[in-house]
Amino acid sequence: MKRKGKKFNKKSPNSLTKLSLFQKSESRFGSKCPLSVKNAPIIDYKNISLLKKYLSENHKIISSKITSISSGKQKKLTREIKKAKVLGLI
Amino acid sequence: MSFYENTLITKQDLPKSEIENIKNKYSELINNNFGKVIKIEEWGLLNLARKIKRYNKGFYIHYKFEGNKKTLEEVTKKIKLDNSVIRHLVVKYKNLDTEKEYFNKG
Numbered sequence: 021m022k023r024k025g026k027k028f029n030k031k032s033p034n035s036l037t038k039l040s041l042f043q044k045s046e047s048r049f050g051s052k053c054p055l056s057v058k059n060a061p062i063i064d065y066k067n068i069s070l071l072k073k074y075l076s077e078n079h080k081i082i083s084s085k086i087t088s089i090s091s092g093k094q095k096k097l098t099r100e101i102k103k104a105k106v107l108g109l110i
Numbered sequence: 235m236s237f238y239e240n241t242l243i244t245k246q247d248l249p250k251s252e253i254e255n256i257k258n259k260y261s262e263l264i265n266n267n268f269g270k271v272i273k274i275e276e277w278g279l280l281n282l283a284r285k286i287k288r289y290n291k292g293f294y295i296h297y298k299f300e301g302n303k304k305t306l307e308e309v310t311k312k313i314k315l316d317n318s319v320i321r322h323l324v325v326k327y328k329n330l331d332t333e334k335e336y337f338n339k340g
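Chains A and B supply the protein sequences, listed in that same order. Residues 21 to 110 in this note's numbering are what the first sequence lists, from first letter to last. Residues 235 to 340 in this note's numbering are what the second sequence lists, from first letter to last.
Calculated directly from the structure, the hints in this document are not laboratory data. The structure displayed is predicted, hence computed values, not measured ones. Any given hint could turn out to be false.
A short, non-exhaustive set of chain A residues, derived as facing chain B with CB atoms under 7 Å [what the hints assert, rightly or not]:
1) LYS66
2) ASN67
3) LEU70
4) VAL106
5) LEU107
6) GLY108
From the three backbone atoms N, C-alpha and C, an ideal C-beta is built for every residue, glycine too.
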């Protein structure tokens, strides 16, 4: 017997069903990348105030699942953050 | 010819005249080796995020220049021998923007 998609129950949007803080809520799913808008800030290793937003407390890079940055920009971000770390700026 | 940015970090305990010397030395070195310095920025004494060679602070000098492979070789060769430079970073760019300064105080 093949299973049909109908059998699965849709998850209720209640916030209590979330397992952890990092799990995406369904309302946030459609949010767009903040760095690919028009007049977005330049990603550069000298622009420390921007880079610091995407670092955790232990200076680790936060994953794009949480920050909803597009994959192309995330690659660029990691490269620039690593350059800034070499220079001892972050 | 392509565009580059070069940042030097020098020791924190150098006198002002010594820093001027270093600054002039590398700009001349670039100009003499098929290159051209476009802009020099001084970021000043900044706190390092972690210790580099036992130092907590460093004096940052930033160059924007145009050059080719030979200039890069010459500059990196000289920097590696220099004892007063703790660390450096060279980045290649297609287009330089010379207007924006991220470390300008005031």
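Handout entry: Satisfaction of the LYS66 (chain A) interface hint, Cβ to chain B closer than 7 Å
Key = Because about 4 Å separates LYS66 (chain A) from the closest Cβ in chain B, which is inside the 7 Å limit, the hint holds.
Problem - Status of the VAL106 (chain A) interface restraint (C-beta, 7 Å, chain B) - result: Holds, about 6 Å.
Exercise for the section: Answer holds if the nearest beta-carbon of chain B is closer than 7 Å to that of LEU70 (chain A); otherwise answer violated. Expected result: violated, 10 Å
Problem - chain B contact restraint on LEU107 (chain A) - CB to CB distance below 7 Å - result: holds, 6 Å
Problem - Interface hint status, ASN67 (chain A) versus chain B (Cβ within 7 Å) - result: Nearest chain B Cβ about 6 Å off; hint holds.
Exercise for the section: Could you check if GLY108 (chain A) really has its C-beta closer than 7 Å to a C-beta on chain B? Expected result: holds, 4 Å
Figure legend: structure checked against the earlier numbered hints; the only hint not met is number 3.
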